[in-house]
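K.L.:
Chains A and B are the protein sequences, given in the same order.
With full-length UniProt numbering, letter number 97 in the first sequence gets 97, and the count goes up by one each step, no holes.
With full-length UniProt numbering, letter number 282 in the second sequence gets 282, and the count goes up by one each step, no holes.
Possibly wrong hints are sitting among the right ones.
[To be verified] In silico DMTMM-like cross-links for lysine to aspartate or glutamate, where the CA-CA straight-line distance does not exceed 25 Å:
#1 LYS337/A x GLU84/A
#2 LYS337/A x GLU29/B
#3 LYS60/A x GLU25/A
#4 LYS337/B x GLU29/A
#5 LYS427/A x GLU179/A
#6 LYS26/B x ASP37/B
#7 LYS337/B x ASP224/B
#8 LYS26/B x GLU258/A
#9 LYS427/A x GLU172/A
#10 LYS427/B x GLU200/B
#11 LYS427/B x GLU378/B
#12 LYS337/B x GLU116/B
#13 LYS427/A x ASP362/A
#14 LYS60/A x ASP47/A
#15 LYS60/B x ASP73/B
#16 LYS26/B x ASP291/A
#17 LYS337/A x ASP37/B
#18 LYS427/A x GLU228/A
#19 LYS60/B x ASP47/B
#20 LYS337/B x ASP37/A
#21 LYS26/B x GLU338/A
#22 LYS26/A x GLU295/B
#23 LYS183/A x GLU172/A
#24 LYS26/B x GLU295/A
#25 LYS337/B x GLU97/B
#26 LYS427/A x GLU405/A
#27 LYS183/B x ASP194/B
#28 LYS337/B x GLU3/A
#29 LYS26/A x ASP291/B
#30 LYS337/A x GLU25/B
#31 LYS26/A x GLU338/B
#32 LYS337/A x GLU116/A
#33 LYS427/B x GLU172/B
#34 LYS337/B x GLU25/A
#35 LYS337/A x ASP224/A
#36 LYS26/A x GLU258/B
#37 LYS337/A x GLU3/B
#38 LYS183/A x GLU200/A
#39 LYS337/B x GLU85/B
#40 LYS337/B x ASP223/B
It is worth saying that the hints were derived from the structure and are not from the lab.
2 protein chains.
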Amino acid sequence: MAEALRVGIAGLGTVGASVARVLAEKAAELTRQCGRDIIVSAVSARDASRDRGVDLSGAKWFDDPVDLACNADIDVFVELIGGEEGAARASVTAALEAGRHVVTANKALLSRHGVELAGIAEERGILLNYEAAVAGGIPVIKTMREAMAGNTVSRVFGILNGTCNYILTRMEAEGLSFEDCLKDAQRLGYAEADPTFDIEGNDTAHKLSILTSLAFGSRIAPDDIYLEGISNITQADIRAASELGYRIKLLGVAQRTETGIEQRVHPTMVPTASVIAQVHGVTNAVAIETDILGELLLSGPGAGGNATASAVIGDIADIAKSRPGFQHGPVFGRPAKELHPYVRARMRTHEGGYFIRLTVHDRAGVFAAVATRMAENEISLESIVQHANGANPETQKTVILVTHETTEAAVRRAVEGIVADGHLVDKPQVIRIERAG
Amino acid sequence: MAEALRVGIAGLGTVGASVARVLAEKAAELTRQCGRDIIVSAVSARDASRDRGVDLSGAKWFDDPVDLACNADIDVFVELIGGEEGAARASVTAALEAGRHVVTANKALLSRHGVELAGIAEERGILLNYEAAVAGGIPVIKTMREAMAGNTVSRVFGILNGTCNYILTRMEAEGLSFEDCLKDAQRLGYAEADPTFDIEGNDTAHKLSILTSLAFGSRIAPDDIYLEGISNITQADIRAASELGYRIKLLGVAQRTETGIEQRVHPTMVPTASVIAQVHGVTNAVAIETDILGELLLSGPGAGGNATASAVIGDIADIAKSRPGFQHGPVFGRPAKELHPYVRARMRTHEGGYFIRLTVHDRAGVFAAVATRMAENEISLESIVQHANGANPETQKTVILVTHETTEAAVRRAVEGIVADGHLVDKPQVIRIERAG
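Bound conformation, chain A alone (with noise of 0.2 Å):
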């Protein structure tokens, strides 16, 4: 048998301390897979002291992940510290340089300096493997980067943040308020003590920035990211949806388009006959549209300590079953010095159907003047109702249009129209559609 895998692990929270767990548990299964045992030979953590539920007294403890990454007789680096600078993007910068191959969950670095780290992996040689930086069990990075080979990707879309999935799936199924969710999910350790980086749709963007670049062939671009997230999302706007054959969901969209790419975050109804419309809780999916397979979708556990340990582990497999001088597929599907920059198709420029929300004053007129300001802008409608459900029935309506296929700037004019027009009680809400299958 070939000499062991010696696995060196920096972060050992949740997902760290699973994964050594669960090398220990499945050590003669992963052998047996492998054709070679793997070994978790160095660990680094903030405190060496802690009881993680797994015996590291086989492996040796470095304070300084750096060092780990450097000195450590280690064949893999596993990084699952965190965060896009500091000690998470020193120390992989560290492994890779010194030849070691890597494996992380670190959608903020990947994000942030995958290109960069590619191409240091790239001209090493090695693996930069990240399965579990995108939602977390589901093996989308693996089906995009090698098993869609020769695939021309049109659009790539998914539900990437457990969180707001959780929210609104109560939101919808208990006719809760997002407030209430949302600490719900504070409760249960599904959202942060500060929501804000899951809920405005910060997470989400980070994994798609990934998604993109794998789609692509483009540079990682996490700031060309259009961005809305789900905390104005209401009760009106949920049962709105449902009665229109909708779920709102949070989707990270990015597609090809004439002018360029578009990446967006945005809460999205999706017909609710569609596959990903039965996705729920803190379960991701991702949808995949080429020109070749056609549509795939996967979806799965998108967090947890066990599931994106899962994902580790499967990259460290994979080096396992890889042996010195094999040449690797390149980290983003194609080589990172031949990714081409990416180009940022405008948000005024997307076409698709929208959903728009008034409370308007009920006086004489008010529903001439919107369907004046559709048709003014040219956009076509599928269906307009009008509703008695506001809060006060007698002096307001809720008028709900939904428009055919038009673009993000004729809406934006129709609904600024609208608003000039001196008509609404309340700030409009407009929700884009998106096709799903």
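With the hints as your guide, set chain B onto chain A.
P.N.:
Positioned in the frame of chain A, the structure of chain B alone reads:
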């Protein structure tokens, strides 16, 4: 750049022609992804003169695929002939023995001879890739063989036959009979002139037997599968399922139980709100449940020239990225000689919920007699409903029972008892209910 990877394709039907065309059209992109050119250097098919919409003039023609496998200047032999014996088996065996990597889409061949062929490949240190053999374009082999390393699978199940799913989808959507939907499927090319192999579940069984081996590390056992097709599913079943919150799908299910491994293919009721219930038409889906990752679901096109070609090309690209001397992971996840014998769990020990539809004579005591037979066999009922919607509502009634979790043996005894009681007008219908998320 490394030397070009030379591919020989045996079989130039829809899939073979599509593989050759995509390799030509996406040559530059594939070279970027794989770090070397991929060229079709040899082909074999029955008719050399046929126009296949792709220029094969650069490839050497072989009349005999075995001759191609042994004597062509190739690195990879792509078998797209089909069939479990004959030219397919002979040429794949010859290619492996000549030390050539093999890519095949042939589920029948693998189902019957996969372990033997894997043994040859592993001895020679070469690859036998077969992503296209199960669920067409869905990367389920790569997911189970690579991404799920270290996971212990408890159950794998899926919609593995597009013909059956197309028929069941149309029956539900349009209220048509099985026979009418089958005729349409034949007209549209979704079903063969002799549809037995698809509609009686044999095709699903072939694919399931391969997934079972990957899931449980057991030798492939295509003959130890409980088999029931969809030809006796009626509108009465579809409607009753819908009223109860279920949808009927032909599933292949492999499951670890206390007494062994269950492999079964049968019409199944899955909750309408589950993800797999939204998989419509010719689309396939596979769900995998494991101890570490949790539950993963993949859905996508299960057949068609392009989708199948995409899987074949992914397999070829994986070989192109590897280099001589590379030691690959085993063909079925564990080395062929370490796959343990398949231990069959008898169908009688299967545990689950059951749907039972009875057409009974409308006379006093029938309802009580049915309930008594259930009670005798310790089957507790979730619901029991009597309908007057039979063909002869004045003399007949329909009784629909849904059981709580029970055993196949108990249900069979109860139904035999009901039949013996002489109250039935028609054959009883029994459909198993499957948990699905």
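K.L.:
Under the criterion that the straight-line Cα-Cα distance not exceed 25 Å, is the pair LYS427/A, GLU172/A satisfied?
P.N.:
The hint holds at about 22 Å.
K.L.:
CA of LYS60/A to CA of ASP47/A, is that 25 Å or under?
P.N.:
Between LYS60/A and ASP47/A the Cα gap is close to 14 Å, so the pair holds against 25 Å.
K.L.:
Has the given pair, LYS337/B with GLU3/A, been kept, meaning a C-alpha gap of at most 25 Å?
P.N.:
The given pair, whose Cα atoms are some 21 Å apart, holds under the 25 Å limit.
K.L.:
Tell me if the straight-line CA distance from LYS337/B to GLU116/B falls inside 25 Å.
P.N.:
holds (9 Å)
K.L.:
For LYS26/B and GLU295/A, compute the direct alpha-carbon distance and say whether it is at most 25 Å.
P.N.:
holds (19 Å)
K.L.:
LYS60/B and ASP73/B were given as a pair; does the straight-line alpha-carbon distance stay at or below 25 Å?
P.N.:
Roughly 9 Å between the alpha carbons, so the hint for LYS60/B and ASP73/B holds.
K.L.:
Given the hinted pair LYS337/A and GLU84/A, is their Cα-Cα distance within 25 Å?
P.N.:
holds (21 Å)
K.L.:
Assess, step by step, whether the Cα of LYS60/A is no farther than 25 Å from the Cα of GLU25/A, and give holds or violated.
P.N.:
holds (19 Å)
K.L.:
Would you mind confirming whether the straight-line C-alpha gap from LYS337/A to GLU116/A stays at or under 25 Å?
P.N.:
holds (9 Å)
K.L.:
Does GLU29/B sit within 25 Å of LYS337/A, going by the straight-line distance between their CA atoms?
P.N.:
Holds, at roughly 14 Å.
K.L.:
Take a quick look at whether LYS427/A and ASP362/A sit within 25 Å of each other, Cα to Cα.
P.N.:
Distance of about 16 Å is within 25 Å: holds.
K.L.:
Given the hint that LYS26/B pairs with GLU258/A, test it: the Cα-Cα distance must not exceed 25 Å.
P.N.:
holds (20 Å)
Hint violations for this structure: none, all hints satisfied.
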